[in-house]
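S.K.: Quick note, the sequences are listed as chains A and B, same order. Read in numbering that gives the first Met the number 0, the first sequence has 134 at position 135, and its numbers run on one by one without any break. Read in numbering that gives the first Met the number 0, the second sequence has 4 at position 5, and its numbers run on one by one without any break.
Worth double-checking, as some hints may not be accurate.
Facing chain A, according to a computed beta carbon distance under 7 Å, are these residues of chain B, among others [to be verified]:
id, residue
1, Thr-104
2, Ile-118
3, Thr-120
4, Phe-163
With a straight-line Cα cutoff of 25 Å, these simulated DMTMM-like cross-link-like pairs (lysine to aspartate or glutamate) come out [unchecked claim]:
id, chain 1, residue 1, chain 2, residue 2
5, B, Lys-173, B, Asp-160
6, A, Lys-100, B, Asp-92
7, A, Lys-100, A, Glu-245
8, A, Lys-460, B, Asp-44
9, B, Lys-173, A, Glu-412
Quick list of the computed label-pair ranges, beta carbon to beta carbon [to be verified]:
id, chain 1, residue 1, chain 2, residue 2, range
10, A, Phe-415, B, Leu-43, 22 to 28 Å
11, A, Arg-411, B, Ala-158, 19 to 25 Å
12, B, Gly-150, A, Arg-496, 51 to 57 Å
13, A, Phe-251, B, Leu-43, 56 to 62 Å
It is worth saying that the hints were derived from the structure and are not from the lab. In this text the structure is predicted, and so the values were computed from the model without any measurement. Don't be surprised by glycine CBs; every beta carbon is placed ideally from N, CA and C.
Chain by chain, the residues run as shown.
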Amino acid sequence: MEADLGFLIGLFGHTLTFWWVIIPTIFLGLVVGAIPGFSAANTIIILLPLTLAMDVEVGLIFMVSLYCSSRMGAGIPAILVNIPGTAGAAATPLDGYPMTKQGRSQQALSMSFVASAFGGLLTTILAIIAMPVLAEVGYYMHSVEMIVVMLFGISLIASIAARDMLKGLIAGFLGLMIGSIGTDVVYATPRGTMGFLELYDGVPLIPALVGLFAVSEAFIIIEKKSIVTDEGREIMAAPSWAATFEGAAIAFRHWWHITWNSIIGLIIGVIPGAGASIASFVAYQQSRTYSKTPHLYGTGHPEGLIAPESANNGVTSGTLIPLLILGIPGGATAAIMLIVLQYHGVNFGPSLFFDQPELAYGVFTAMAITYLLMIFTILPLSRYMSRVTLVSTTYMAPMIIAFTLVGSFVSREYMFDMYLGLVFGVIGYIARRTNYHVAAILIGVILGPLLETYFLRALKKSEGDLMVLFSSSLGNILWLVLIASLLMPMVLGFRRRRAVANTQAGT
Amino acid sequence: MTDVPSNPAPAKSRAEIEKQPRGGELVIPGAAIAFSLYYFSTILDSPWTAQVSAFFIGAVLILLSLVFMVRTWIELQRGKASLRFTSLVNRTDLSSGRLGLFAITLGYILLIDWAGFTITTYFFLFFSMLLLNRGRKAGFAAALSAIMALGGYALFILAFDTRFPEGPFEIFMKAALNNGG
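Just chain A, with the same shape it has in the complex (with noise of 0.2 Å):
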């Protein structure tokens, strides 16, 4: 399954040559990415028949670069508006947001740019490198191990909202909740579902999405004229490029922070179902955790963007990883290229590196060009995009409330979707007024069905005997890990509590 060095450098060298399809592309990914309800798996779907009637080759680099694009793009509205663009980037507004509001937007697009980019193009190598081993992942993933994955994600939910962890475990359950609304997997028991047909196969994650951030969010910008404060609008007055360079200083400072987390990103993203939105909260939650600086997160600390930003484009080469080794895609983009890719005669699994090595390393060689050009198509354009944010709340607030609450009727083309979206806005916005964590209801709404399909699955197996969540070895040692990181928090903030302590009885 190697490649030699000679094979990938002349593959990348035939792949640059379809530059042509890549930069269009990387700014419709970057649009689409942007616009919540419009995520690239979406506009793959669009855009099926012109996917169908192209090369294969060129249908593939084509997906590859949206997918990558698109991933950053998403990252766009989370820093500016408060808005993630998809799932996936609702951990970027709790770092990236608070930067836009002290007029810092320039500077925290640039480093959204930088982390997304090299965290990218780094876990692409890596995986061209580790495909072999990380493919295993895949095979020891069961449903106990996943359970505790899960839980893993949850148990974030309380470290996001860490002024009031209370706080952030009901929010969460809560979303678990709500997540759990629907007819049950094995026999289509309908649940909490207050009569409605439409919810019947669960809550839809995009009306989900645009309630809780963006409806939620509009309403609350308009008390003030402006969502930047009156100091950041002075900063924002004169804008220039050194905000834009400072801003990749700074990203390219944190250079093992990025490395890190891409790396947490690629790993997760290998494991199917798993997905970015998980990526990047425990990239965040880790992050924070052995920071030196843990009590700045959620003031507009870098650290706090670069982190999810990161993972999230580290997840993208590991998606493609099960979907190349194992034919599993890792997540609904990958699930419709491997529809497409079927459709043009491509068969996966590992006969696919020796039969056809060009296509399955062009996924990679693909994806790594993507982020090269994007770093100087798009580092340039964070000076004019952060300007949207001096755009007055009287107009847009409208505009957000508009465009997100038509979009969440796109997915299904049900009316019940966009009532659905606005029902979700008042839940989040009285989540933000009581200072409830909206992210943390987003991923308990995500969890939910996928935890209890896992659980069922291992019930199932056991015949009902819960003991079987502690019977793998490899699931022990993740509830080791589950139970440390929840106690990490909490170990370390009483360490530094009680040296702050010492220090001041010192003085």
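For chain A, the structure is supplied; the task is to place chain B on it using the hints.
M.R.: Only chain B this time, still in chain A's reference frame:
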């Protein structure tokens, strides 16, 4: 060593002012308990596969919500909190036009199925901007709303062929473009 207030009366009134208004914070735990109990009522007669995960999540949610309520009750007893709802609803909500915007948003969703994306979006944007601007700059709001609604039509419906709700405008344009083509 602690500071002793020279005049206890002002200190007491300051303490009352600083009481945390917890009423609004109880809305989500209250709703969470109510929803969990409703959810349980829908699965009482279901097979165990439909119950097991929901009972686990719901039980934890109810427990956490009750712990929060007990914590709030202790704060009330100690005089650190009040049951006011000012964190959730206050006079600013009325003056900011928030309730009006909510009503217009509800109207937007009600009408879009009948009048289609472009026309409804135009009127939604125009009336919302007018409301938030307190009736000023009506001409600018009308022009901006038209640009945004038509721009949205061009980008989403024409360019991306997205299935947005269709109304008289979209049907007319489709017929016109088909005849033109």
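S.K.: Each hint should be assessed against the structure and marked as holding or not.
M.R.: Comparing the hints with the structure gives:
1. Restraint check, Thr-104(B) versus chain A: the minimum CB separation of about 6 Å is within 7 Å; hint holds.
2. Evaluation of the Ile-118(B) hint against chain A yields a violated restraint, the C-beta minimum of about 12 Å exceeding 7 Å.
3. Hint status for Thr-120(B) relative to chain A: holds, with the closest Cβ pair at about 5 Å, below 7 Å.
4. Hint status for Phe-163(B): holds, given a least beta-carbon distance of 6 Å to chain A, under 7 Å.
5. Straight-line distance between C-alpha atoms of Lys-173(B) and Asp-160(B) comes to about 11 Å, which keeps the hinted pair within the 25 Å bound.
6. Annotation: proposed proximity of Lys-100(A) to Asp-92(B) holds, straight-line Cα distance about 22 Å (limit 25 Å).
7. For a cut-off of 25 Å, the pair hint linking Lys-100(A) to Glu-245(A) stands: about 18 Å separates their Cα positions.
8. Note on Lys-460(A) and Asp-44(B): the hinted pairing holds, with a Cα-Cα distance of about 23 Å set against a maximum of 25 Å.
9. Taking the CA atoms of Lys-173(B) and Glu-412(A), the gap is near 19 Å; set against the 25 Å cutoff, the hint holds.
10. Restraint check, Phe-415(A) to Leu-43(B): a C-beta distance of roughly 26 Å satisfies the suggested window 22 to 28 Å.
11. Checked against the hint of 19 to 25 Å, the pair Arg-411(A) and Ala-158(B) passes, with Cβ atoms roughly 21 Å apart.
12. For the pair Gly-150(B) and Arg-496(A), the supplied restraint of 51 to 57 Å holds, since their beta-carbon distance comes to about 53 Å.
13. Under the hint 56 to 62 Å, the C-beta atoms of Phe-251(A) and Leu-43(B), about 58 Å apart, fit the expected range.
Of the numbered hints listed earlier, the single one contradicted by the structure is hint 2.
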